Structures are given as C-alpha cells and as structure tokens.
Amino acid sequence: MKIIVNAKPHDVSGGTLLAVLQELGFTSPAVATALNGSFVARGKRAEVQLAEGDRLEVLAPMQGG
Amino acid sequence: MQVYGTDITSRLLLGTAQYSSPAVLAEAVKSSGTEIITVSLRRETADGSGAGFWDRLRETGCRILPNTAGCHSVQEAVTTAHMARELFDTPWIKLEVIGHSDTLQPDVFGLAEAARILCADGFQVFPYTTDDLVVGEKLLEAGCELLMPWGAPIGSGQGLRNPDALRAMRAHFPEVPLIVDAGIGRPSDAAQAMELGMDAVLLNTAVAKAGDPAAMGRAMALAVEAGRQGYAADPMERRDMAVPSTPVLGLAEFA
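Protein chains in written order, with my numbering: chain A, 1 to 65; chain B, 1001 to 1255.
Treat the hints with caution; some may be incorrect.
Capping the alpha-carbon separation at 20 Å, the derived lysine to aspartate or glutamate pairs in EDC-like fashion look like this [claimed, not checked]:
1) A/Lys-44 to B/Glu-1086
2) B/Lys-1030 to B/Glu-1175
3) A/Lys-44 to B/Asp-1121
4) B/Lys-1030 to B/Glu-1059
5) A/Lys-8 to B/Glu-1076
6) A/Lys-8 to B/Asp-1212
7) B/Lys-1138 to B/Glu-1175
8) B/Lys-1138 to B/Asp-1089
9) A/Lys-2 to A/Glu-23
10) A/Lys-44 to B/Asp-1089
Per the computed footprint, the stretches of chain A lying under chain B, defined by three or more beta-carbons under 8 Å from a beta-carbon of chain B, are [what the hints assert, rightly or not]:
11) 9-23
12) 35-48
13) 54-63
Just so you know, the hints here were simulated from the structure itself, not pulled from any lab data. None of these values were measured; they are calculated from a predicted model. Heads up, the beta-carbon is just placed ideally off N, CA and C, and yes, glycines get one too.
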C-alpha cells in the first residue's frame, strides 16, 4: 500500500497507524502524528487504519524561535 | 511577572534555533538566565534525532514554549498546536500564522481565528501579532491572556520599528502582559522595549548569531533588567532645550 510519509512516498504493508509507524522505524516516543492534515493522538494510533494514498506527518521536537 | 498563572522571574524568553551546536545553545540558555525557551516541531527521521534534542531541552530545566512557526493557515497552526501539546505535555503554544513569506508578518485574521479555536480547546495561547490595537482586542476576546507584538520582522535584528505603537499598546492594555517578540538585534533594543513598559522580550537570532552567544545572552539579560528598572523608576520627560544641571545660584563673577 502506497502512502506519503513526511512528503516522501513509502510502500507499507498497511494496517493501523501504530503498526505503520513501527514498520517505518519511528519507534521514538518523542513523535507526534497527523493524518491527512488532522492530529492523531498517541492513544488513537492503534485504532486508526491507514488507506492507500494517505498523507502522514511524523513530527519531533526541533530547534525553534 | 505571571504568564497564564505561572510566576517567572526572568523577563527574557529565548529561542533555541540557529546555534552552532547544542553545547553553545546550552551555554547561552544558562548565561541568559531565561526560564522559558521556544521550540518547534519538524519532520522526524527514522533515526530519532528529535528524541535527542528533547532530552537536551529537558536538561535546561526551562519551561518549554512550543511554536507553530512556518504555519500559513489556521488548519496547519491548529494541527501543529495539538501535536505540540502532546509532544511537550504543555498547554502553552506560541501561535504563529504567517501571512507573508518575505516579511514573515502575522496573518492577523488567521491568527485571531486560530487563537479562538485553541483557547476554546484549553490551550494557553501566546500570539505572535503586530502592534495593532484592534487585533490585540480581537485576540483578547478570543481568550488570549497576553499579547506578543513584533518589534521588527523575524530575524531582521532591526530593533523596534515603531516604538510609538508599542507605547500605545502599553497604554491601551495596561493589565495585559506584553512580550515583544521578534526584531530585537542588540541589547539596547531590548532595553528600549522594556523602558516602554513591555513586560518581557522574546528573542533568538540576536543571541544565536552573535559572535559569542553566551556573552550576548548575558548582555540581553542585563539590558532587559536595566530597561525594566528604568521603566519602574519613571524616566524624566525629554526637553527641547538645555537646562543647566549645576546650580546657577552662587555662580562667581570674575569679569
């Protein structure tokens, strides 16, 4: 299944957001996620099913002003 | 002073971007005496680089003020704010809705709308705004308890472009904490902002891009303190003409 992760195409086996994050190697607890422009809370990742063409953003703390 | 019910002693808020290394950042944070540092969220790589930065932030002991820098729409800013609240475990958000990519000036219409949505959702919003009084009123109506007017465009180091507007904000919002955010380049700019009665100053580039960031952090802290004490001491009025400071009475005549 093809999805877009942080603006790059990825081929993943699918399933829940939690499973896809693990498959892609995002194992750090210090990430927050948004799917198709909407925030998905950490506690909801195991419930949300990804679909073909979904746009996933995985963000982490960075320097800022 | 208090921000959203939290007491802070230092009136200098510091950004964490653009330092040459994490060690330089840590030194600047320490020497500035700041208690609040701003951070952002960016795309994570699978190597988990963001987690390391988060660990270093926590070591500073400062309160974290996450921003929505780079967001150009209400939707982007609101989504980013939610992600920040989960990631940093804080209701604080420095709300930026950017209206123009050259000037990085706030889209004040989007800002007010995003502020309303976020305040209603329990966020404690620090809005990066202009020095416009009407916009300030809209932000307060939206639920913001403080305002962060710009001094000059972000990263420009131009100092206060419109001190009169900031003075008007002080007079119009006597009880609202006002934090000058953006545009400060030198310690004298920070002192000027504080002399105008601003409650605090938020800056980043002026320290990060100084030749010696730790020394500049300290200089900024001193300037903020000096400006604050000067404001509290009620400065004299300007005069157009000279007035002798040494008494004229008793002056000798030698001619």
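Problem set entry | Broken hints, by number | The structure breaks hints 2, 6, 8, 11; every other hint is satisfied.
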